[in-house]
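Protein chains: 2
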Amino acid sequence: MKPRLKWLKDQIMSMNLEGMIISNPVNIRYLTGLTEEGTFIVSSKENVFVTDGRYIESVNNKLTLDDEIVAYDQKDLTSYDYEQFFNMGDKVGFEESYVSYESYKRMFKTYKVNLIETEGIIEKQRVVKDEEEVEFIKKACEITDSAFEYIIKNISKGMTEKEVAFEIERYMLQHGGDGLAFDLIVAFGENTSMPHAVPTDRAINSGDIIQFDIGCKYNGYCSDFSRVVFVDEMDEGYKKVYDFILEEQKKIATAFKEGANIKAVIKDRQTDYNMMGYDIAHAFGHGVGLEIHEIPTLRSNIDNLLKENTIVAIEPGVYIPGKFGIRIEDTFIVGKSFATALTKASKDYTIIKLK
Amino acid sequence: MKPRLKWLKDQIMSMNLEGMIISNPVNIRYLTGLTEEGTFIVSSKENVFVTDGRYIESVNNKLTLDDEIVAYDQKDLTSYDYEQFFNMGDKVGFEESYVSYESYKRMFKTYKVNLIETEGIIEKQRVVKDEEEVEFIKKACEITDSAFEYIIKNISKGMTEKEVAFEIERYMLQHGGDGLAFDLIVAFGENTSMPHAVPTDRAINSGDIIQFDIGCKYNGYCSDFSRVVFVDEMDEGYKKVYDFILEEQKKIATAFKEGANIKAVIKDRQTDYNMMGYDIAHAFGHGVGLEIHEIPTLRSNIDNLLKENTIVAIEPGVYIPGKFGIRIEDTFIVGKSFATALTKASKDYTIIKLK
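Residue numbers (this note's numbering), protein chains in the order written: chain E, 17 to 371; chain S, 17 to 371.
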C-alpha cells in the first residue's frame, strides 16, 4: 500500500469513521496515482476504485498487487454490491466541498451510510510537498523560465496576444511540459489593466507594456509565473508601480518561513497598498501543486501558520483601470528562514526590441 | 434584456420561485454572454452579477444598459447586502447538480432563503440550439474536418502520439479555433484499445491503426469527431469491426429525428452489439454545445424524445482489450426526418503513407 493511502487510513481511524468515499480526481491521483475517472472507496474491508468501460483496461494496467486497490467497472456492480462496501448506517467520510448537493443525496441512497464532512483533510495534507513533488514543481518552473526567456527574444512585429500565447504553449510542450497549468495570459498595453485578461487579436506596438502570466505542468504538477516587459522603451510612469510590486513580493518572501502566520504578513502588505492608495484587486497568492490554485490562499483573513516545503505563488499586482497593470509572480518554496523562488527569470526592468 | 434571460425569468415565475442563484459558469455564459467568474443572481428586484477585482473591469466593459444586469465587486457587498437580494424565507432556485454540499450550506446562510432544486432547467433549455449556436458549432466542425485532412497528409516517420496531437492543436488554433473542446486523443496500434487513451511518446509504425478523437471550440461552442486510419496497409481483421461500427452510426443517425425516443434507438443498438458478442464500453454519444458533454446522453436508460436542432455526437466504438479499438464519431444535428452530420470527413477505409 502506498504511504499516502496508509496515511489516509490512519486518519480515517482517528476520526472514528468506517471509511471514506473520495470523488475529487485530484485527491484520487494524489492517493493512488490514477488519473482515470472514477470513485475511490476506502473501507476497513478493502480499497476499491469504481470506474467505467472507458478506463477499466488502463486502470488495471497501472495497478499492482502492492497498491492493495481493486478496480471495478461500474456496470458490473449491483445496488446490493454498493451497500456491501460498508455496513448500513456506518459513519463514512465524504468530500463536502467537491460533491454536489445532488450527488450527496444520491450517495446517501447508494451506500446507505451516515455521510460525514471531512473538512478537506486530503487538501490540507497536500499543502506540504514531499521530495518528489518538489522536484516535479522545480522542473515545471524551469520549463516556464526557459519559455519566458525564449519568447521575449522572439516576439516579432505584428504578433498578436493570441499568437504570443500559442508560441509559449508550443515551447512548453516541446520542452517537457505535459500540459499548461492554466489558460496562459498574455496582455499588451491597456489590456494589462485586467488581472485576468484573455489573449485577443490585438497586435503588439512600440511602447507597449506586456504582461505575461504563464505556467505549465510536469508530471501533473504546476508552475505559476508572471512578468512584465516593455517594448522599445519604458515610460517613467511605470517605474513607481513596478518597484512597489517588486518590493511587496520581496517582503512576503522574506517573511514566509516555517511558523509565520499568513494573516499577519498579508495585513502588513495591505497597509502598504492603502498608504499608496492602490486597490487590492486579488489575493497576494495561493498554494501550487497538482492544482494551480490550492490552499493556502494568501489573504488577510486566512489564519494559517506556514509549514516548511509548502509551495506558493506570490503575486502582488496593481491595476489602473483603463490604463495598465503590473503583476510580478514567482513560485516559491517555504523554508526554515524564508521562501525561495523556484522560478528564477530576472526581475530587472526589461526592454525588448521586436524582431 | 436578452431573450434567454427573459425566458429564465418566465420560468422562475411559472415555478413559483422568487428568483434563482446561478453558479455554473457555462449557464451564466449562456444567459448573459459573460465568461468571467462570478455568481448570477436573478430576483424580481434586479439581475445582479457578483464578481471580484480580477474581473470587474472586464465585466463592466461588456455589459450595456440593455442587458439590465448590475455588476458588483464582492468586496463592496456586506452580508446585509446579500440578505437584501431576496426577502427572508423566499423560495429561490439553485443548481443542485453544480453547487457543492458545502456551498449549498453557505448559500443558505448568506441569502437566508429557502433553496429549491431546479432540476437542470437551464441545461435542458440548452439542448435545442438556436441559429447562431448552430452556426458556431458548424464552424467548429469545419475547422476540425480541415485539421483532420491536414494531419493525415502530414504524419511523418518517427512522430509520436503527443507530437501528432500537438500538430492538430496548432492547426486548429491557427485556423480560427478559440481552444480545444477537450484533451485530444491520438492513439497508435495497441493503444487504440483504450477508449480514453492519453497521447504518449509511442512512435508511429508501419501497419499501425491510428485512432483520432479531436474537437475544437469556436466562440465557445464545441465539435466532437473521431476517425481511424491505417498506416501503409489495412489488415483484413479490422474490416469486420470497422463496417459494424459505421453501420451502427448510420442506424442511429437515420433514426434520430424529431420525436424519436433515445431509449428505443439505443436498445436496438445494444441488441446488435450482443449479437456480435461485443462489449459496450461507453455511451453511444452525448449532446454537444458550450460543453463537450451535455445532455442528452445516448444510453438505453434515457427516456427522452428528441427535438429538432438538438446537436449530438454519435460515437459507437468497439474495443478488443490489448489488441485494438475502433470508434467513429461525428457531430450531428437532429432534423425532422433524420440527423445530419456537421463533421463531414470521409468514412471510407483510409490508408496513409508516412511522409
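Just so you know, the hints here were simulated from the structure itself, not pulled from any lab data. Be aware that one or more of the hints could be misleading.
Same chains, same names: a pair is fine if it fits in one copy or spans any two.
As the list claims (entries may be wrong) - Straight line, CA to CA, 20 angstroms or less: simulated PhoX-like cross-link-like pairs of lysine-lysine:
no., residue 1, residue 2
1, Lys352, Lys323
2, Lys360, Lys169
3, Lys360, Lys121
4, Lys273, Lys155
5, Lys154, Lys178
6, Lys267, Lys369
7, Lys363, Lys169
8, Lys283, Lys91
9, Lys339, Lys78
10, Lys128, Lys155
11, Lys339, Lys140
12, Lys78, Lys352
13, Lys91, Lys279
Owing to the predicted nature of the structure, the values given are computational and were not obtained by experimental measurement.
Can you give me the call for Lys128 and Lys155, within, between, both or neither, at a CA distance of at most 20 angstroms?
-> Classified as neither; 45 angstroms inside a copy, 48 angstroms across copies.
Up to 20 angstroms CA-CA - Lys140 versus Lys339, copy category = neither (39 angstroms within a copy, 42 angstroms between copies)
Intra/inter-copy verdict for Lys91 and Lys279 if alpha-carbon distance must be at most 20 angstroms = between (49 angstroms within a copy, 17 angstroms between copies)
Using 20 angstroms as the alpha-carbon threshold, which applies to Lys283 and Lys91: within, between, both, or neither?
-> Only across copies: Lys283 and Lys91 sit 16 angstroms apart there, 53 angstroms inside one copy, limit 20 angstroms.
Could you place Lys267 and Lys369 in one of the four classes (within, between, both, neither) given a Cα distance threshold of 20 angstroms?
-> neither (32 angstroms within a copy, 60 angstroms between copies)
20 angstroms Cα threshold - placement of Lys169 relative to Lys360 | within (17 angstroms within a copy, 41 angstroms between copies)
What label fits Lys352 with Lys323 when the C-alpha limit is 20 angstroms: within, between, both, or neither?
-> This pair counts as within: shortest intra-copy Cα distance 8 angstroms, inter-copy 63 angstroms.
Is it within, between, both, or neither for Lys363 and Lys169, if the alpha carbons may be no more than 20 angstroms apart?
-> The answer is within: 16 angstroms in one copy meets 20 angstroms, while 45 angstroms across copies does not.
Under a CA distance limit of 20 angstroms, which applies to Lys273 and Lys155: within one copy, between copies, both, or neither?
-> neither (22 angstroms within a copy, 52 angstroms between copies)
At 20 angstroms max between alpha carbons, let me know whether Lys339 reaches Lys78 within a copy, between copies, both or neither.
-> Answer is between; shortest inter-copy Cα gap is 17 angstroms, intra-copy 52 angstroms.
Evaluate Lys78 and Lys352 at a C-alpha cut-off of 20 angstroms and name the case that applies: within, between, both or neither.
-> Neither: 37 angstroms inside a chain and 47 angstroms across chains, both beyond 20 angstroms.
Is it within, between, both or neither when you check Lys360 against Lys121 at 20 angstroms Cα-Cα?
-> Neither: 48 angstroms inside a copy, 42 angstroms across copies.
Checked against the numbered hints listed earlier, the structure breaks hints 3, 4, 5, 6, 10, 11, 12; every other hint is satisfied.
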